[in-house]
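Following the hints, position chain W against chain V.
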Amino acid sequence: MKAVSDKDNRLYKWLYFVLRAGIACSLCFVILGFILFGITKAGFAKSIITLGILILVLIPLSSIVLAMVNFLMEKDKLYLGISIIIVCILLVSLVIALV
Amino acid sequence: MDTISLWSLGGVGLAGSLLGSMLGLGGGVFFVPLLTLILNLPIHIAIGISLVAVIANSITASSTHIKAGLTNIRLGMLLLTATTIGAVAGGFIAAALASPILIGLFGVALIGIGYSMIKRRRLPQEVTASRETTVGAGASSSSLIGSLAASYYDRSLNQVVTYNVSRVPQGWGINLLVGVASSLLGVGGGIMNIPVMNLIMRVPIRAAMATNSFMVGIVALAGACVYYYHGYVHPITAAPVMVGSFIGALIGAQLVQRARSIILKQVFAIVMFILAVLMLIRAFGLPI
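Protein chains in written order, with my numbering: chain V, 1 to 99; chain W, 1 to 288.
Mixed in with the good hints there might be a few duds.
Quick partial rundown of chain V residues pointing at chain W, CB under 8 Å, derived from the structure [to be verified]:
| id | residue |
| --- | --- |
| 1 | L15 |
| 2 | L19 |
| 3 | V57 |
| 4 | P60 |
| 5 | L61 |
| 6 | I64 |
| 7 | I86 |
| 8 | L90 |
PhoX-like, lysine-lysine: derived pairs with alpha carbons at most 25 Å apart [said to hold, decoys possible]:
| id | chain 1 | residue 1 | chain 2 | residue 2 |
| --- | --- | --- | --- | --- |
| 9 | V | K75 | W | K67 |
| 10 | W | K265 | W | K119 |
| 11 | V | K75 | V | K13 |
| 12 | V | K13 | W | K67 |
No lab work stands behind these hints: they were computed from the structure.
Backbone N, C-alpha and C fix where the C-beta goes; we use that ideal spot for every residue, glycine too.
Looking at chain W on its own, in the form it has when it is part of the complex:
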């Protein structure tokens, strides 16, 4: 709090969260590069701070989804047994990695996320609007893990959508990796987990987004603990980012309806590519 301005930390929290929520993501993807590139914080500390801010973001978003009855708690809990183990492992892997390698990994991940945003021409809501009505009939859930079938009221369709969950073992396995990536990079993991739930496990996109937001806070907590153990989480530094992130999420939720356009997504993808290049330059030790 003495060396870095309180306001700049709060500003990073607000900007990251605002940008993230306009894209339907948490702020984690933006917190780490902004903290690293603008405030010159070491990458491990930036990730530790990001995980704390991600917890705050996730709680805010997930409470809204839970109130709307969109969250599949049982599915979230089942996947969390994999994701939390992955997150703890990811924290220890990150601590063992040298800063330039971690910065480089983040740069590569940003390129991947940016590419997936450009490639995905249609918005998630549009992609699955037609699928939601049919998902209940054909899909099956394994009896071994009990019934994961759930239903929710979809306002846009004006009907109750009932669905089953498919390919649970595959989804569980991938969630181990999602947990590792989440903790390694300080992001919530929604960018990976929502497509996994939606495309592989056949969960409707609204339920997948809601279930993911419920999971993210718990995954980030598991990862943040390992970072704290290694001395990378400073509560006093994380607090202003968390407050800024909370305010950004509130404003972002209001803007999101107007902001979701393909062009905007592509603009943000370009921003991600620029951040990625800057991160890679930093990883190779070049001055920027």
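The shape of chain V in the complex, shown without the other chains:
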């Protein structure tokens, strides 16, 4: 049964890949960090854990950027504009947080 159009199907496949790969990558760093911290108690282990959390928070942003690129390729100006608004709100939030 086919319910999603071919254009959207491409977006869905990429989104699935980014979400799954992202969460796996984030968990790997966090767990590796905890194992290293348990063994060595070294400060760099905490940095690895923080990197894992940073990857985690970048996944939702990546999914919106991915949708933005998809709408750009589809020449869907309306949803390209909507994607850009969301990316801007998230980037402003990240800048507020990190600067």
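Chain W only, in chain V's frame:
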């Protein structure tokens, strides 16, 4: 990591996520009271941690829904323009509120959620099973925001369900408030957003749940940034909760089929009332 046991943080993540997923919710509703009441973390830090764990939960759930083709990405993106703005505002409002007020607000919200769970006698799936087949014909979507019509294959009905989206401006407006509440309380917002999409915008429940899970991670990120700015998100403290939450979501997904009964929902509602009372006692500064 030095003062609070790694395992207790991981345990809270696992328990909150497990309980939440058995109810078809994210874990946020349970993370905050467990972190506040059991681990005695300040409410603002508990919410910051909860938002990070909610991101992890949402990514796990939403990837499954996206693979199944249930998510309405365009609808989610459109609503996110409201929800993310609300989430940023909610983060700043929360930072300005004193801890007892925020704890009290959470207690009141828990009572509301518990009450809605008892009141809703029928499960969401049952409520909309009959509606899904008719939703495509009558409803209309505004031409201003393009076509939000979508379709998905429903396994239980063994057919492709096509639907339109109604009352988009109202849904958008309410999503501003959903964003504020999500950030203010450290929850995903599905408890509010799924009924809004389903009952007001006439989106079938499966599509509403899937679209909500896609939105939650992005809303939680916007809120978490504001909490981080105020120094309330400690990555090292959030990490074990996030790992526990991920494991809890995986186990919860397996249990959810067996667990969805009205009695169980009512038991959980009572648990929420107890947590609410404990939160309110804490808000008034009484020892518990």
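Hint-by-hint comparison with the structure:
1. L15: holds (5 Å)
2. L19: holds (4 Å)
3. V57: Constraint on V:V57 satisfied, holds at 6 Å.
4. P60: This hint holds: V:P60 lies near chain W, its Cβ roughly 4 Å from the closest one there, short of 8 Å.
5. L61: Holds, about 7 Å.
6. I64: At 6 Å from the nearest chain W Cβ, V:I64 passes the 8 Å test, so the hint holds.
7. I86: holds (5 Å)
8. L90: Cβ of V:L90 sits 6 Å from chain W, so the hint holds.
9. V:K75 - W:K67: holds (24 Å)
10. W:K265 - W:K119: holds (10 Å)
11. V:K75 - V:K13: holds (19 Å)
12. V:K13 - W:K67: holds (7 Å)
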